[in-house]
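Everything in the sequence shown is counted per my numbering, starting at 7 for the first residue and increasing by one.
Heads up, a few of these hints could be off.
[Stated by the list, open to error] Pairwise CB distance ranges, derived in the manner of DEER restraints: (1) Ala153 x Val47: 33 to 43 Å; (2) Phe156 x Asp114: 17 to 27 Å; (3) Lys99 x Glu121: 25 to 35 Å; (4) Gly61 x His125: 17 to 27 Å; (5) Asp152 x Gly109: 35 to 45 Å; (6) Glu180 x Thr110: 47 to 57 Å; (7) Glu59 x Arg150: 18 to 28 Å; (8) Thr60 x Gly126: 18 to 28 Å; (9) Met151 x His127: 34 to 44 Å.
Simulated from the structure, these hints should not be mistaken for laboratory data. Every residue gets a Cβ at the ideal spot worked out from N, C-alpha and C, and that includes glycine.
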Amino acid sequence: MRICVFLSAADLDDRYTRPAREFAELLGKGGHTLVWGGSDVGLMKVVADGVEETGGRLCGVSVDFLAAKARPGADEMVIARDLAERKKLLLEKADAVVIMVGGTGTLDEATEILELKKHGHTDKPVVLLNSAGFYDGLKEQFRRMDAEGFLPIPLTDLVFFAEEPVGALAYLEESQGIE
Numbered sequence: 007m008r009i010c011v012f013l014s015a016a017d018l019d020d021r022y023t024r025p026a027r028e029f030a031e032l033l034g035k036g037g038h039t040l041v042w043g044g045s046d047v048g049l050m051k052v053v054a055d056g057v058e059e060t061g062g063r064l065c066g067v068s069v070d071f072l073a074a075k076a077r078p079g080a081d082e083m084v085i086a087r088d089l090a091e092r093k094k095l096l097l098e099k100a101d102a103v104v105i106m107v108g109g110t111g112t113l114d115e116a117t118e119i120l121e122l123k124k125h126g127h128t129d130k131p132v133v134l135l136n137s138a139g140f141y142d143g144l145k146e147q148f149r150r151m152d153a154e155g156f157l158p159i160p161l162t163d164l165v166f167f168a169e170e171p172v173g174a175l176a177y178l179e180e181s182q183g184i185e
């Protein structure tokens with residue numbers, strides 16, 4: 007499976023790097039391909055290292071103004087013109103999406119895939135990995151949107167909330183019929 011991971015390129019502490027590394031190692035051991043923003047810094051590097059060290063493949067999609075931070079030696083690296091093209095390419099190259107901790111860029115990517123899914127333009131499974139309760143507020147907001155009729159499909163059809171990496175990958179594999 008080709009799994010797109012939206013996440014931060016910042017250097018973060020262990021409460022975020024540990025679950026990211028754990029998910030990456032599970033992804034690599036499962037023989038999957040990481041599709042990610044292509045950066046070789048911060049949390050993006052942690053995940054790419056974990057996938058590569060456990061036998062997975064790396065497919066990066068960087069962007070022109072960040073090309074200098076792109077990971078050398080990835081199995082595939084594409085440089086997009088701008089952020090809109092980058093998001094489009096990331097989603098085209100993936101079978102599923104995992105949203106890890108991140109800032110405004112990660113939130114932008116997350117809402118893009120959820121909006122596409124809400125309108126039936128994709129049926130790719132989406133997992134929000136809620137490491138250290140980072141997305142508790144967003145989870146509550148989504149529940150309110152669902153309860154108050156802002157979502158045309160049930161929240162459970164839109165996104166799966168996982169508290170641990172093993173649950174995130176298990177959900178993705180099950181959704182794709184992988185035992």
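Structure-based check of each hint:
1. Distance hint for Ala153 and Val47: a CB-CB separation of about 39 Å, consistent with the stated range 33 to 43 Å.
2. Between Phe156 and Asp114 the beta carbon distance is about 19 Å. The supplied range of 17 to 27 Å therefore holds.
3. For Lys99 paired with Glu121, a C-beta distance near 19 Å fails the hint of 25 to 35 Å.
4. Judged by the Cβ atoms, the range 17 to 27 Å given for Gly61 and His125 is violated: they are separated by roughly 36 Å.
5. Between Asp152 and Gly109, the C-beta spacing of about 25 Å breaks the proposed range 35 to 45 Å.
6. Checking the proposed 47 to 57 Å range against Glu180 and Thr110 shows it is violated: the Cβ atoms sit about 31 Å from each other.
7. Roughly 40 Å separates the CB atoms of Glu59 and Arg150, a value that falls outside the hinted 18 to 28 Å.
8. Judged by the Cβ atoms, the range 18 to 28 Å given for Thr60 and Gly126 is violated: they are separated by roughly 35 Å.
9. A C-beta distance of roughly 19 Å is found between Met151 and His127, which places it outside the suggested range of 34 to 44 Å.
The earlier numbered hints that this structure contradicts are 3, 4, 5, 6, 7, 8 and 9.
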